[in-house]
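Please model the entire structure based on the sequences and the hints provided.
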Amino acid sequence: MARHRVTVIGALPLLVVAVAGCGGAAPGPSGGSTAAAGGHPAAAGTPAAPRPLTGAQTARAMLSTIDLPVGWSVAKEDLSPAVEEDDHGVQDLKGDAACDRVVADSFRAVRPSAVVSRTMENGMARSHLMFEVRTYPDERGAGQQLEQVRQLRRACATATAGPYTVSYGVLSAPRRGDESVGVRMRVGGNRFDEIVIRVGTSVTVVTFPGVTGDDGGLVESVTAQATEKLRQAAG
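Mapping of the sequence shown onto my numbering: residues 6 to 240, in sequence order.
What the hints contain is simulated information worked out from the structure, not anything from laboratory work. Because the structure is a prediction, the values reported are computed rather than measured. All residues carry an ideal CB built from backbone N, CA and C; glycine is no exception. The reader is advised that the hints may include incorrect statements.
[As the list claims (entries may be wrong)] Here are the in silico distance ranges between beta carbons for each label pair: (1) K99 to T59: 32 to 42 Å; (2) A102 to I71: 44 to 54 Å; (3) K99 to R56: 36 to 46 Å.
[Stated by the list, open to error] Capping the alpha-carbon separation at 16 Å, the derived lysine to aspartate or glutamate pairs in EDC-like fashion look like this: (4) K234 to D110; (5) K81 to E126; (6) K99 to D110.
Printed below as a string of structure tokens:
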């Protein structure tokens, strides 16, 4: 199955297709700092740099139906950790000179070593949740992904992806993991809230399409559980 792209650093036209399937707009998440570089031997008295997750560990970090309230089921998933071409860099986004520089820089960032994704649906509530877990060779690579989100919020308030108007904005969300950042993305009039959370060398992304992100309790519980799953996989 082709990967179901959901993140702000993913293929935007596919995200628009996902909106059509979800049937509506969205709200969401926030905040954080940059990551420290990894991959060097730890000095005496300092903790060793975290190891990157294996592909199997990355898949285990993905949320499942038992991690969510009753009523949610799997709609789509790609649990193969193989990294595809569009798993790296901001795809298909064009804006002004500042925005285009952010897009170009995204392809110079560290490439992930494993990526998995899953979409959940709640038929009764007619709502969706989208998840992605990415593992990088070191903390620097994972930290770069959160920095890309911050740069998109700053430089790409107005952009395009093919025929669609796209905008990124700051979003407030629970603080999670080693660092986290939230972004509210609008694509062709549809709204998505994303919370991007780093734990060590990995990043988990939770996307709330439409009014799903207006449920503060759901945002709190799902992001907390997503962070814990990533910690458990790394442990």
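Are any of the numbered hints broken by this structure? If so, which, sorted upward?
The structure conflicts with hint 4 only, although it agrees with all the remaining ones.
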